[in-house]
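Participant: The primary structure of each chain is shown beneath.
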Amino acid sequence: MNGAPLLSVRGLSVDFALGEARLRAVDRVSFDLEAGRTLALVGESGCGKSTLARAIAGLLPSSEGSVQLRGDELLGLSRRGWRPFRRRVQMVFQDPDASLNPRMNASSLIGEPLVVHQGLRGARLDEAVCELMERVGLDPALRTRFPHAFSGGQRQRIGIARALAVEPELLLCDEVTSALDVSIQAQILELLRGLQDQLGLGILFITHDLGVVRHLAHDVAVMYLGELVERAPADRLFAEPSHPYSRLLLSAVPRVGHRPAAQADGGEVPSPLAPPPGCRFHPRCVEGVERCAREVPEEIDVAEGIVRCLLRG
Amino acid sequence: MSERVLRVEDLSVRIEPDRPGGLPVRAVDGVSFEVGRGEVVGLVGESGCGKTLTSLALLDLLPRPRGRITSGRIGFEGRDLRALSEVERRAVRGQEMAMIFQDPMTSLNPYLRIGEQLIEGTMWHSGTARRVALARAESLLTRVGIPDAADRLRAFPHELSGGMRQRVMIAMALLSDPSLLIADEPTTALDVTTQAQILALLSDLRAERGMSVLLITHDLGVVGSACDRVLVMYAGRIVESGPVDAVFGDPAHPYTRALLRATPRVDGPPREALQSLEGLPPRLDAKVTAGCLFAPRCDRVRSDCWTAEPPLVADEQGRARRCWVPREEFE
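Protein chains in written order, with the working numbering: chain A, 1 to 313; chain B, 1 to 331.
Incorrect hints may have been included.
Some chain B residues near chain A, calculated using beta-carbon distances under 10 Å [to be verified]:
| id | residue |
| --- | --- |
| 1 | Glu46 |
| 2 | Gly162 |
| 3 | Thr193 |
| 4 | Gln197 |
| 5 | His218 |
| 6 | Gly224 |
| 7 | Leu259 |
| 8 | Leu260 |
| 9 | Ala262 |
| 10 | Gln275 |
| 11 | Arg297 |
| 12 | Arg300 |
| 13 | Asp304 |
Listed next, the stretches of chain B that the computed footprint assigns to chain A, with coverage defined by at least 3 CB atoms under 8 Å from CB atoms of chain A [stated by the list, open to error]:
| id | region |
| --- | --- |
| 14 | 239 to 250 |
| 15 | 263 to 270 |
| 16 | 276 to 283 |
To be clear, the hints were calculated from the coordinates, so they are not data collected in a lab. No experiment lies behind these values; they were computed from the predicted model shown. The beta-carbon is built from N, C-alpha and C at its ideal position, and this holds for glycine as well.
Generate the whole structure from the sequences, applying the supplied hints.
Facilitator: Next comes the structure, spelled out in structure tokens:
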């Protein structure tokens, strides 16, 4: 192991071509993630957070920038070039139904990566599958069952067991608990936290739920229209959010005994096809001044993070 | 509570099996509650607890032919809805009792302009002239916070954002000036900032029209911030009810307490472990056991919990709970 961070993302951009138009879904995003830490990526639908994770996992082509795993560049690798890294970077998705083959039983689903990456067979394979199932809180006696015989939470555990089978260093989790009931969500979140403690996983956790972030994340990155607008240690982001968008998000969360603050003008996220000039957030910003509509804010380095706002720094 | 708009007594809903040899499901079992005029009541619980089927039963919209009400009385504005004829019930549904759902796209016709969909009901029910109906639709769209309402009347549903579509649904529900709005997960598909706007809108409408709201949701934060009273459902039954602040501040049923402890909160301590609730809710198609249905997952379970189901017992403070563990031994 060298001294480079587990994951280092620099100036990463992802573009989609839509006929004549070009949609920049992720715009020059940079951050580091260390082993044993959880970075939560938050933002509203369409902000580019899932696209960012897919680009890091090599599932989507990036337009520019750099993604390094322990100092090794991943961007621009061919499928073959990705192969040695595939095992080290695993992804878990929101909808286990869409990512689990309904014709494979739990044993084959969890065992598949062990066969592919480690060539396990027979009794050793079966033993490894049972061990993984126990690790994620599934009864190994259920390993001959098919996905439909499991509940949503159990299917998500199968998805996590599959990802863990190859002993990854980096786990990219995209809204993994959004479809689950709160009691099941708590089980999955505690499972992830326990696994991180045992295995030292670095976790990039994508979610729209700031309550989940509070319970899981060491650091938080807030995304708006493809850009990171703030990155900060979780404690600071919740105690004193700096960017006006981070403040808006936090104030909008409904909680017991607190009427969420609603923006009076019904402000909505503008289309990423035509982002506003100047600061992208200025049409919805309560602090905005005249120059916010003209000048483009750059990332400002602050202690252990960044903020992208003309009125800060 | 002042005047009652809705009084549900001992409502039970049964869903027949979808294949031969299957067992019927007792999806809602002996549910009783009231909604006062101008009150916002939250019906909260996890998937499959019967909250949506309860609301569909109120609206006479249970999936047919498999779903039916097996017992109970639904008193609405002084009438027993179950005793009304089909024609009379239709006059209540969608008029005095309106509804909005999680996904407005399933309720809006994708081929019709917003304006046509908004005036259809008014013209049909009260024979209003088209021009008058359109003017009323425009003023309602403005009221629910849709900018450039006159232009929006000519838009198709897909041209609007999710939040705007939900506003259209609310405007449509308001057309008949209902006394009760049943809202089933109205903000679940929306981003948090849009959710805050919709909840604020519902709260304003309640205040200015004296409209009652039955808000069905799985989100305790939404209930805690938007409702006056809460009904907590588990396995087809109400297990606890009362004023929101009292119930969430000092839950009196082990399930309510477990749900609150499992819910991640933005205002909680950083990186605090959530207390998960192990196991799964019971299947309601099997032969239901004699005891409390929550007993297998309960951290306070005792021997009598396995022998008989506890009744829902109310106290003088307007709270009720279904639990054998005495209140004073609870904490």
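Participant: Please go over all the hints and tell whether each is borne out by the structure.
Facilitator: Against the structure, the hints come out as follows:
1. Glu46: Glu46(B) check passes; min Cβ-Cβ to chain A is 4 Å, inside 10 Å.
2. Gly162: At 8 Å from the nearest chain A Cβ, Gly162(B) passes the 10 Å test, so the hint holds.
3. Thr193: holds (5 Å)
4. Gln197: holds (5 Å)
5. His218: His218(B) check passes; min Cβ-Cβ to chain A is 7 Å, inside 10 Å.
6. Gly224: With a minimum Cβ separation of about 3 Å from chain A (threshold 10 Å), the hint on Gly224(B) holds.
7. Leu259: holds (6 Å)
8. Leu260: holds (8 Å)
9. Ala262: holds (4 Å)
10. Gln275: Cβ of Gln275(B) sits 7 Å from chain A, so the hint holds.
11. Arg297: holds (8 Å)
12. Arg300: violated (16 Å)
13. Asp304: violated (24 Å)
14. 239 to 250: That given contact holds, which follows from 4 residues of the region 239 to 250 of chain B lying within Cβ reach (below 8 Å) of chain A.
15. 263 to 270: Contact hint for the region 263 to 270 of chain B vs chain A: holds, 7 residues under 8 Å.
16. 276 to 283: With 4 residues closer than 8 Å to chain A, the region 276 to 283 of chain B meets the three-residue bar; holds.
Hints 12 and 13, counting from the list given before, are not met by this structure.
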